[in-house]
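Could you build all of it, start to finish, from the sequences and the hints given here?
Those protein sequence lines, which keep their order, are chains A and B. Residue 188 is where the first sequence starts when you use the numbering used here, and the numbers rise one by one after that. Residue 188 is where the second sequence starts when you use the numbering used here, and the numbers rise one by one after that.
None of these hints come from the bench; they were simulated from the model. Keep in mind the model is a prediction, meaning the values are calculated, not measured. Using N, Cα and C, we set each Cβ at its ideal position, and we do this for glycine too. Certain hints may be false.
What the hints assert, rightly or not - Think about it this way: if two alpha-carbon atoms lie no more than 25 Å apart in a straight line, the pair counts; the simulated PhoX-like pairs of lysine-lysine are:
#, chain 1, residue 1, chain 2, residue 2
1, A, Lys562, B, Lys457
2, B, Lys497, A, Lys237
3, B, Lys237, A, Lys562
4, A, Lys457, A, Lys497
5, B, Lys562, A, Lys457
6, B, Lys497, B, Lys457
Unchecked claim - Taking beta-carbon pairs under 10 Å as the criterion, some of the chain A residues facing chain B (in silico):
#, residue
7, Glu233
8, Ala309
9, Gly358
10, Glu359
11, Leu413
12, Arg454
13, Arg548
14, Arg559
Stated by the list, open to error - Computed spacing ranges between beta-carbons, pair by pair:
#, chain 1, residue 1, chain 2, residue 2, range
15, B, Ala341, A, Arg264, 44 to 52 Å
16, A, Ser267, B, Gly250, 49 to 57 Å
17, A, Gln471, B, Ala263, 53 to 61 Å
18, A, Val360, B, Ala263, 55 to 63 Å
Protein chains: 2
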Amino acid sequence: MSTSSGTEEMLPKPEGLEGVVAASTALSHVYGEEGRLVYRGYDIHELAGKASFEEVAHLLWIGHLPNRAELASFCARLWSNRDLPEGVIRTLEAMPADAAPMDALRTGVSALGAVDRERFDAVPDLDEAMALAARVPSILAAFFRLRQGKKPIAPRSDLNTAQHYLYQLFGEVPDERHWQPLEVYLTLLADHGMNASTFAARVIASTQSDLCSAVTGAIGALKGPLHGGAPGLVLDMLNEIGSADNVDPWLTHAMDNNVRLMGFGHRVYKAEDPRAEILRGMAQQAADPAFFDLSLRTETRALEMLEERKPGRRLYTNVEFYTAAVLAAVGLPGDMFTPTFAVSRTVGWTAHVLEQGANNRLIRPQSEFVGRTDKTFVPIDQR
Amino acid sequence: MSTSSGTEEMLPKPEGLEGVVAASTALSHVYGEEGRLVYRGYDIHELAGKASFEEVAHLLWIGHLPNRAELASFCARLWSNRDLPEGVIRTLEAMPADAAPMDALRTGVSALGAVDRERFDAVPDLDEAMALAARVPSILAAFFRLRQGKKPIAPRSDLNTAQHYLYQLFGEVPDERHWQPLEVYLTLLADHGMNASTFAARVIASTQSDLCSAVTGAIGALKGPLHGGAPGLVLDMLNEIGSADNVDPWLTHAMDNNVRLMGFGHRVYKAEDPRAEILRGMAQQAADPAFFDLSLRTETRALEMLEERKPGRRLYTNVEFYTAAVLAAVGLPGDMFTPTFAVSRTVGWTAHVLEQGANNRLIRPQSEFVGRTDKTFVPIDQR
Chain A
188 MSTSSGTEEM LPKPEGLEGV VAASTALSHV YGEEGRLVYR GYDIHELAGK ASFEEVAHLL
248 WIGHLPNRAE LASFCARLWS NRDLPEGVIR TLEAMPADAA PMDALRTGVS ALGAVDRERF
308 DAVPDLDEAM ALAARVPSIL AAFFRLRQGK KPIAPRSDLN TAQHYLYQLF GEVPDERHWQ
368 PLEVYLTLLA DHGMNASTFA ARVIASTQSD LCSAVTGAIG ALKGPLHGGA PGLVLDMLNE
428 IGSADNVDPW LTHAMDNNVR LMGFGHRVYK AEDPRAEILR GMAQQAADPA FFDLSLRTET
488 RALEMLEERK PGRRLYTNVE FYTAAVLAAV GLPGDMFTPT FAVSRTVGWT AHVLEQGANN
548 RLIRPQSEFV GRTDKTFVPI DQR
Chain B
188 MSTSSGTEEM LPKPEGLEGV VAASTALSHV YGEEGRLVYR GYDIHELAGK ASFEEVAHLL
248 WIGHLPNRAE LASFCARLWS NRDLPEGVIR TLEAMPADAA PMDALRTGVS ALGAVDRERF
308 DAVPDLDEAM ALAARVPSIL AAFFRLRQGK KPIAPRSDLN TAQHYLYQLF GEVPDERHWQ
368 PLEVYLTLLA DHGMNASTFA ARVIASTQSD LCSAVTGAIG ALKGPLHGGA PGLVLDMLNE
428 IGSADNVDPW LTHAMDNNVR LMGFGHRVYK AEDPRAEILR GMAQQAADPA FFDLSLRTET
488 RALEMLEERK PGRRLYTNVE FYTAAVLAAV GLPGDMFTPT FAVSRTVGWT AHVLEQGANN
548 RLIRPQSEFV GRTDKTFVPI DQR
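Here it is as structure tokens:
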């Protein structure tokens, strides 16, 4: 057995690239020890509930918070980009009603790149980023309608992203009680350093592939339960627990049997995720009080019991935990939680693709070979 | 301006993760200094022209070269998996005739995951890998027929992968002169260490996402001209050069104007890519003699002129350069070269996804933040 790496020099291998700097970015940063998230210089607490999702998108894509005139022209440009080409609608019609919405979204974004080649098969730029980000909620809403046997709703250009997404999903202009928590949610999730889906997007973009390829790959990565795929599972878990009385027995049973608790822990945060903190406050205001109490009790007891069993691990609830309560309060079913995360994160993904392209080098790491190297071919009749 | 990384410890940042070990693998390794490629212990020269594509797939997926009985049952299993669900055909019908085949393939694989959720929305295993790899050529062939206004051809289970791919593309069982060079090509391209598309697949799989998500992302990465997207461009370049007389003037003009030469250079190889060497020999046998001579003269003069202009850079033609001559000889148009690369590499991608899953840790690197961190929110009317 040989683990030879030939004569090449190799750098040490931290599992899962933990702590390895894969790229520079001016977009956002996660300060894991302090529990801080910064978008282009602004702490997330500075933005949440104050800046609109469109202001945050302007900040990430263009680099500064817009003034009124800039925001008006930016919104006009973004909101006029919500129509889906016929080929994308036909692709979504080919999806079965029980397809996972994340699979439908991944397929719809890929189809958009294939169908509108003139727009998307070029060096990615801000126009493309806006054209794609505006269409991600349209793709989701179209599939959401089609799976119920309903027709997709034609887009409007007079509603903001949060309003318009709910309008296209449910067919009515939503009231503030519903779209405002969604808007805050969207501002919180728009970017998050070199997370796995953003990293996947940058790896793909680094080959000089196109924007839809990068975002299609990112959607596939976000889907995984170790990344963005957990909030629907948090809802399932809380529904299974069912009542405050059952929290302790349920958690004891889960921990005794090494069942993974959904919505706890994060690779980078060793303090509370600031987004979780903000979402908890929103859930307290917006969610059904019984469901909020169940969530809070589950969080509190789980953290206490985890600390008892494995002291010092500095585990906290992550952004997915209270996402369940907030997005359920907005009226979304559990299988639309992760897709709604993608509505927001498409801004970050596309901003990272533009940043990667501005100073590109192919992202092509090495591997450590752990097999033999000395085998001799033997014809099949002698094996 | 601050480049603070908080209190976290960060490892140094090689651009594009060059030389950074991102994962261990027992599947294949590229010895860049020596110009060697090894699949599970076998030098590629041991396998090329001796082992069939199916034997190589068995080697990569299962770990050893099969004996006759193992190969027979393996082929029966693989070749019975070529049918496309109706929803995938409908998705491909939604693609315009001028869609890029790589975009159609990316969309078709994504649709397969959405449509056949029972099979593909599970923890990836060998059954899934074989089910997907067998369908990648079917998806390409179906799109290839549909874009000509023809019906896709129903699959058979009595032809090997190279034969069957050409059969479904062109409607006739190919003669040996055509399918044999394709088969050797497929064995050469099946895996290649931690290349960008394989790495993208592993990043996506590391979130515990599904196999079709990982391969969809990999297809998007392969499409980029810095990775697998170049062989069609090599064909374009050689056609533009047109004749041996024009090689020197064309290259001089290109080098004077910093035009990127297609099919030269590789991140890892600092010696000749062994696949390029094998493909050159195949091109000499299989390609139109005039086209082979043009290719050889272009290669020879480009390397001489590059050495004159930038001595010591150790540049060589890469695998894409003679891919053009070989796949053109097989009868494929230029825009099917990179998709045909994907037919082969799907074996490697899926083998890496299985390997990643066997000992998974989320691949989540860090980023270096190069922006400010201290901005204070100002309401829009005060900006």
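> So which of those numbered hints doesn't the model satisfy?
Replying inline: Hint check: 2, 8, 9 and 10 fail, others pass.
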